[in-house]
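Based on the provided sequences and hints, a complete structural model is requested.
Residues per chain are reported as follows:
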Amino acid sequence: MQHVDGNAIAGPLAEFFAFDATTAVARCNGCGSVAELARAMVYTSPAGSVLRCAECDQVLATLVESEDRAWIGFSGVSAIEVRRG
Amino acid sequence: MSFITRGFSGRSRERDDRLPPGQTLVHDFPVLSAGPTPDVDTAEWEFTIRTEAGVHRWNWDEFMSLKIDDVDTDIHCVTHWSKLGTRWRGVSLDTLFDDVETQLDYVMAHSYGGYTTNIPLDELLDGKAWVAFEFDGEPLDPEHGGPARLLVPHLYFWKSAKWVRGLEMMDQDEPGFWEQNGYHLHGDPWKEERYW
Amino acid sequence: MSDATATTSSSPAGYAGSALAAVPRAGWHVGTVAAVRRETPNAARLELEVETWPGNAAGQHLDVRLTAPDGYTATRSYSIASSGPSTRVVLAIDKLPDGEVSPFLVDEVRVGDQVEVHGPLGAFFVWRPDGAPHASTRARPVQLIGGGSGIVPLYAMAQAHHDALDLTPFRMLYSVRTPDDLYFADELMALEASDAFRLDLVYTRRIPEGWPTPAGRVTREGLASAALPADERPIVYVCGSTGFVERVASWLIELGHDPRDIRTERFGGL
Chain A
485 MQHVDGNAIA GPLAEFFAFD ATTAVARCNG CGSVAELARA MVYTSPAGSV LRCAECDQVL
545 ATLVESEDRA WIGFSGVSAI EVRRG
Chain B
9 MSFITRGFSG RSRERDDRLP PGQTLVHDFP VLSAGPTPDV DTAEWEFTIR TEAGVHRWNW
69 DEFMSLKIDD VDTDIHCVTH WSKLGTRWRG VSLDTLFDDV ETQLDYVMAH SYGGYTTNIP
129 LDELLDGKAW VAFEFDGEPL DPEHGGPARL LVPHLYFWKS AKWVRGLEMM DQDEPGFWEQ
189 NGYHLHGDPW KEERYW
Chain C
9 MSDATATTSS SPAGYAGSAL AAVPRAGWHV GTVAAVRRET PNAARLELEV ETWPGNAAGQ
69 HLDVRLTAPD GYTATRSYSI ASSGPSTRVV LAIDKLPDGE VSPFLVDEVR VGDQVEVHGP
129 LGAFFVWRPD GAPHASTRAR PVQLIGGGSG IVPLYAMAQA HHDALDLTPF RMLYSVRTPD
189 DLYFADELMA LEASDAFRLD LVYTRRIPEG WPTPAGRVTR EGLASAALPA DERPIVYVCG
249 STGFVERVAS WLIELGHDPR DIRTERFGGL
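Chains as they are written, first to last, in the numbering used here: chain A, 485 to 569; chain B, 9 to 204; chain C, 9 to 278.
Hints are computed from structural coordinates only; laboratory data are not their basis.
Every residue, glycine too, gets a C-beta built ideally from N, C-alpha and C.
Honestly, I wouldn't trust all of these hints.
Unchecked claim - Among the chain B residues that face chain A by a calculated CB cut under 10 Å, a handful are: (1) H88; (2) L92; (3) R202.
In structure tokens:
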């Protein structure tokens with residue numbers, strides 16, 4: 485099963501954020517690499533999607549969806565940044 | 009919103025009375041992954057059990073010299089698929105815990121690649137769990153968890169940690185990877201313990 | 009019968025300003041199939057009329073959700089071939105051999121059918137005539153590199169570039185198996201009439217009659233000769249299977265392109 489990238493989860497992320505989160509920038513707690521979520525490696529299956537740092541493979545975030553609920557966890561990221569005005 | 013797409017039915021979803029609620033019978037073996045497949049050479053492989061007293065270790069040869077069971081069992085994935093009568097070979101957790109002393113009741117399973125999952129110790133003993141290295145008569149494929157995975161068939165299959173490398177005793181039940189991210193702490197398919 | 013080619017004009021109005029407002033907000037909509045035709049032996053071009061569609065930028069995608077009578081749902085992402093404010097949304101869908109959704113959309117769907125769509129999605133893999141989403145306001149030349157169905161969002165960008173009468177140099181390198189597998193063949197030929205657009209085709213399995221090079225995959229050397237060189241500092245968009253994207257992206261870096269100037273979209277697979 486091949487991985488994809490953060491673009492693939494723009495849809496599920498839209499359920500949590502009022503803006504497109506794939507351009508949101510995050511810093512990996514593991515290696516310090518700073519990049520847009522679209523650049524993360526994404527391992528996706530019916531169990532959920534796992535976003536991993538493209539540099540060090542550490543888990544940045546996880547997305548799980550059930551019929552009526554969804555969960556997002558940012559275990560490997562200290563903060564996310566969006567650009568304004 | 010109840011919206012049915014004309015003409016769409018999706019893959020066939022076979023029901024079966026022998027399945028837990030909400031499960032569908034499959035005949036293939038879906039691969040679900042949370043990351044890249046670890047590449048573990050049996051020459052470097054090690055299995056450990058870490059207790060409050062110390063660490064028990066087995067390398068691959070030592071592991072293979074333990075009593076090996078043939079297991080025929082049903083498995084159930086939280087993503088709604090089940091397989092009946094799957095055949096495995098592995099070492100029972102009863103065999104591994106034979107010489108292990110611990111007062112602690114909970115286990116965190118750790119895998120090569122960083123995956124974790126939690127299980128109460130009494131749900132790994134008494135013939136309930138194995139460290140399995142063969143599936144369907146063949147060495148366990150890396151994409152299915154080879155060289156060895158945990159096999160705990162009475163719980164949802166995310167508890168059967170692929171690429172298992174060891175067990176860590178805990179005094180409390182702490183959530184592992186999926187359990188931290190939305191999945192149920194226990195995971196009994198007969199009670200449909202899927203999510204928080 | 010109307011021409012199935014949906015060309016739309018891109019509209020910067022409402023897209024300028026902060027990244028937060030840079031693309032319309034995603035939402036769930038109902039799309040009605042307005043037209044469906046075979047694009048290649050293995051793919052269909054689908055036009056959806058989406059009444060509540062807020063418009064989309066070139067390169068964005070949407071998620072299509074199908075629901076079976078027992079409530080089972082399957083959702084898949086598809087790149088949008090059209091862009092701009094139009095409510096006519098064009099998709100080009102590749103039928104996957106073991107697919108659950110694509111065989112339905114390619115072989116079963118009929119004009120008048122309705123599907124749920126979530127979008128527009130994705131603000132990263134986007135090209136706009138005003139130079140956004142890049143910080144520099146001076147428009148950079150653009151290199152598009154697509155493998156197979158990965159060409160869909162790149163075609164949307166090339167068409168938007170044309171419709172905006174944008175003179176930014178655009179090059180497209182398109183890798184396909186055979187001449188029968190070309191998506192948007194007529195449209196691409198029309199785009200080639202402009203000096204601001206250059207198309208390089210690579211056939212990996214079978215070449216057309218008289219083609220000067222034998223069939224074969226894109227190589228590092230081929231990429232070096234077809235693509236805009238690193239010292240022209242193009243923004244590069246690469247789309248296709250994961251294997252294709254990662255091979256091409258690593259070569260681009262070896263050829264001196266800044267990784268930050270390379271935007272990738274992986275469709276999975278080798």
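Hints, verified against the model:
| no. | hint | in the structure |
| --- | --- | --- |
| 1 | H88 | holds (8 Å) |
| 2 | L92 | violated (20 Å) |
| 3 | R202 | holds (7 Å) |
In summary, the one numbered hint that this structure violates is 2.
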